[in-house]
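Start from chain G and add chain W according to the hints.
2 protein chains.
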Amino acid sequence: MKAAYMFGAGDVRIQDVADPTIQNPTDAIVRTVRACICGSDLHPYHSMDNDEHGVPMGHELIGIVEETGSQVTTVSKGDFVIAPFSFSDNTCSFCRDGFHTACKHGGFYGSPETGGLQAELSRIPLADGSLVKVPGLSENDTDLFPSLLTLSDVYLTGYHAAHMGHVQAGKTVTVIGDGAVGLSAVLAAKQLGAEQIILMGRHTSRTDLGREFGATDVVAERGEEGVAKVLELTGGEGSHVVLEAVGHMPAYEQSYGVVRTGGVISRVGVPQYEEAPVGFGSLFGKNITLTGGPAPVRVYIEQNIPLVLEGTINPGKVFDRTVTLDDAPAGYAAMDAREALKVLLIV
Amino acid sequence: MKAAYMFGAGDVRIQDVADPTIQNPTDAIVRTVRACICGSDLHPYHSMDNDEHGVPMGHELIGIVEETGSQVTTVSKGDFVIAPFSFSDNTCSFCRDGFHTACKHGGFYGSPETGGLQAELSRIPLADGSLVKVPGLSENDTDLFPSLLTLSDVYLTGYHAAHMGHVQAGKTVTVIGDGAVGLSAVLAAKQLGAEQIILMGRHTSRTDLGREFGATDVVAERGEEGVAKVLELTGGEGSHVVLEAVGHMPAYEQSYGVVRTGGVISRVGVPQYEEAPVGFGSLFGKNITLTGGPAPVRVYIEQNIPLVLEGTINPGKVFDRTVTLDDAPAGYAAMDAREALKVLLIV
Numbered sequence: 001m002k003a004a005y006m007f008g009a010g011d012v013r014i015q016d017v018a019d020p021t022i023q024n025p026t027d028a029i030v031r032t033v034r035a036c037i038c039g040s041d042l043h044p045y046h047s048m049d050n051d052e053h054g055v056p057m058g059h060e061l062i063g064i065v066e067e068t069g070s071q072v073t074t075v076s077k078g079d080f081v082i083a084p085f086s087f088s089d090n091t092c093s094f095c096r097d098g099f100h101t102a103c104k105h106g107g108f109y110g111s112p113e114t115g116g117l118q119a120e121l122s123r124i125p126l127a128d129g130s131l132v133k134v135p136g137l138s139e140n141d142t143d144l145f146p147s148l149l150t151l152s153d154v155y156l157t158g159y160h161a162a163h164m165g166h167v168q169a170g171k172t173v174t175v176i177g178d179g180a181v182g183l184s185a186v187l188a189a190k191q192l193g194a195e196q197i198i199l200m201g202r203h204t205s206r207t208d209l210g211r212e213f214g215a216t217d218v219v220a221e222r223g224e225e226g227v228a229k230v231l232e233l234t235g236g237e238g239s240h241v242v243l244e245a246v247g248h249m250p251a252y253e254q255s256y257g258v259v260r261t262g263g264v265i266s267r268v269g270v271p272q273y274e275e276a277p278v279g280f281g282s283l284f285g286k287n288i289t290l291t292g293g294p295a296p297v298r299v300y301i302e303q304n305i306p307l308v309l310e311g312t313i314n315p316g317k318v319f320d321r322t323v324t325l326d327d328a329p330a331g332y333a334a335m336d337a338r339e340a341l342k343v344l345l346i347v
Numbered sequence: 001m002k003a004a005y006m007f008g009a010g011d012v013r014i015q016d017v018a019d020p021t022i023q024n025p026t027d028a029i030v031r032t033v034r035a036c037i038c039g040s041d042l043h044p045y046h047s048m049d050n051d052e053h054g055v056p057m058g059h060e061l062i063g064i065v066e067e068t069g070s071q072v073t074t075v076s077k078g079d080f081v082i083a084p085f086s087f088s089d090n091t092c093s094f095c096r097d098g099f100h101t102a103c104k105h106g107g108f109y110g111s112p113e114t115g116g117l118q119a120e121l122s123r124i125p126l127a128d129g130s131l132v133k134v135p136g137l138s139e140n141d142t143d144l145f146p147s148l149l150t151l152s153d154v155y156l157t158g159y160h161a162a163h164m165g166h167v168q169a170g171k172t173v174t175v176i177g178d179g180a181v182g183l184s185a186v187l188a189a190k191q192l193g194a195e196q197i198i199l200m201g202r203h204t205s206r207t208d209l210g211r212e213f214g215a216t217d218v219v220a221e222r223g224e225e226g227v228a229k230v231l232e233l234t235g236g237e238g239s240h241v242v243l244e245a246v247g248h249m250p251a252y253e254q255s256y257g258v259v260r261t262g263g264v265i266s267r268v269g270v271p272q273y274e275e276a277p278v279g280f281g282s283l284f285g286k287n288i289t290l291t292g293g294p295a296p297v298r299v300y301i302e303q304n305i306p307l308v309l310e311g312t313i314n315p316g317k318v319f320d321r322t323v324t325l326d327d328a329p330a331g332y333a334a335m336d337a338r339e340a341l342k343v344l345l346i347v
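Going down the list, the sequences are from chains G and W. Reminder that position 158 of the first sequence reads as 158 in full-length UniProt numbering, one-by-one numbering, no gaps. Reminder that position 304 of the second sequence reads as 304 in full-length UniProt numbering, one-by-one numbering, no gaps.
Just chain G, with the same shape it has in the complex (with noise of 0.2 Å):
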């Protein structure tokens, strides 16, 4: 089968490599319908040292399930399913918590022994507590594919900031980041009942997208500037929920400059730094609430699939450009420049 791997930054490429097969009797073998590239991606792809052997890639999928293990009882052969970008037994102690992402015998794709799920084929551990059947669905409803694929990763990984920020009705949220995941939080921020959204962000596209998810206002300036504007957009006072979805300390200062007395900043994007301020100057005078952490997708995805196929939301529209599992490299090659929000691959 042909599956993406990684050899060293900016170099992805498109290999052949023997079918996955069941090895554990909790393991399916799903047959990618679509993929995508996720914004963490990018990641190695600026910074990975050469590896001879490559590394492989992807963690969100769409699929048919092909094979199961014996002991795999919630899903057979020919289920339409949705695979969460970790794996989970969703019976664990963490996972009735739902923390599944902290799952006692989970864990993530990307390793050799997992594979990535940007490939034809993929081996899904722990499969009745990590795939999701979405009933009724057929090969040829092709336009729910990009909103029902955003469930196994980038709009609940939004959701999943709204969701610990507590959004509710008559709060005002402020989502940092037009990035895929900043304007998945606009939309379950929306979703959730906000009353004001004002989105950070600077690239017009993206930004438009945004407003169409349910910003209410657009703040291009960083910083200083930044803080200053969602101030004088929520009269003085900060907004009661940050939603934080990039991970670079400016983000993080911006979050605690534009946070409400006893606000919430919820953090989504993966933190490129391990200190940070958090004493009487930022957090703790003002008793913010910080929180987040490596989205649960796993325990949002049933309620949100109705809501997909109702065409409630449509946070596929995320996806701006389409190329096939042949062209992967290329795709990463637009996200790297920024020519493309987040591609979708069809398998």
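Because the hints were derived from the structure by calculation, they are not lab data. As the structure is a prediction and not an experimental result, all values here were calculated from the model. Careful, some of the hints might be misleading.
[Stated by the list, open to error] Below, computed lysine-lysine pairings styled on DSSO-like, alpha-carbon distance capped at 27 Å:
hint : chain 1 : residue 1 : chain 2 : residue 2
1    : G       : Lys77     : G       : Lys133
2    : G       : Lys104    : W       : Lys229
3    : G       : Lys229    : W       : Lys104
4    : W       : Lys2      : W       : Lys133
[Unchecked claim] Away from chain W, derived, C-beta distances all over 10 Å, residues of chain G:
hint : residue
5    : Arg13
6    : Ala18
7    : His43
8    : Pro112
9    : Gln191
10   : Ala228
11   : Val270
12   : Ser282
13   : Leu307
14   : Thr312
15   : Arg321
We treat Cβ as the ideally placed atom computed from N, Cα and C, and that holds for glycine.
Structure of chain W alone, referenced to chain G:
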């Protein structure tokens, strides 16, 4: 009147100063019945530079209203009142959110303008918002005074930690610190229904009171050893909620060491640091929430008065020494030497 002033590290004196007077029509003058010394008063006691004018001390009192300004409507001469440690209008948007310590028109005691509350008489600004009447109480109900006084700061600071940490039935709570705030946090966690309450502290006389307040386990070890002990007590999974009542970096590090995936660290110990770990390896990777700040005790007072009057809670047990205002300097010395946990002042 007599009032406590600090003139430098270790130098507290009782001074004869002019009686406070009504300066704004929203002021009230209160005659102190009981005041006390706070753990936070020990910070300047350790480090204050000499000041020939001295700084007025204290921010906790219960007392009797002596006089009110022309615009004061909710309290009048003769009322028995509790004064929260900060004054606030109780009407601005931040007060309505429940964050009175950030009141737009409020502030803190201990400046030359406001004076301190370790004094025979005090001027309370914004009396309608700041003072809470205790109906039916007289100066003879001395047994109730210690617990009522804790509603001015210490008990409700512990309560704020538990409230912000979303302590509820069935949760495991770890309290870091066996000072008066930590013990108050134990009592608050018990009140909010925590199932298991682990108190980290190593002063037996204090942790004994912690057990009386509801601690189910006491961990005397610190650092890695202490973390290992708490993990052992929680089936290896960690504590749903950590209430951090110390404010030093080792307590912060202990907090993220013992907190469960998806759990909450709630801080009320004023951080003696500005930067701290918050990245993937500390908070983000495990979806940890960090919350807390200066306690807006005003918002919690009314609901707790009946519990004190009925004897449901007795947070005043944190006072293990009582002296007169004249002997306040000895009270400071006793707390500083850890001979006393918290000192009550009869005024």
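Practice item. State the violated hints by number, sorted upward, taking the hints as numbered earlier in the document. Key: 11 and 12
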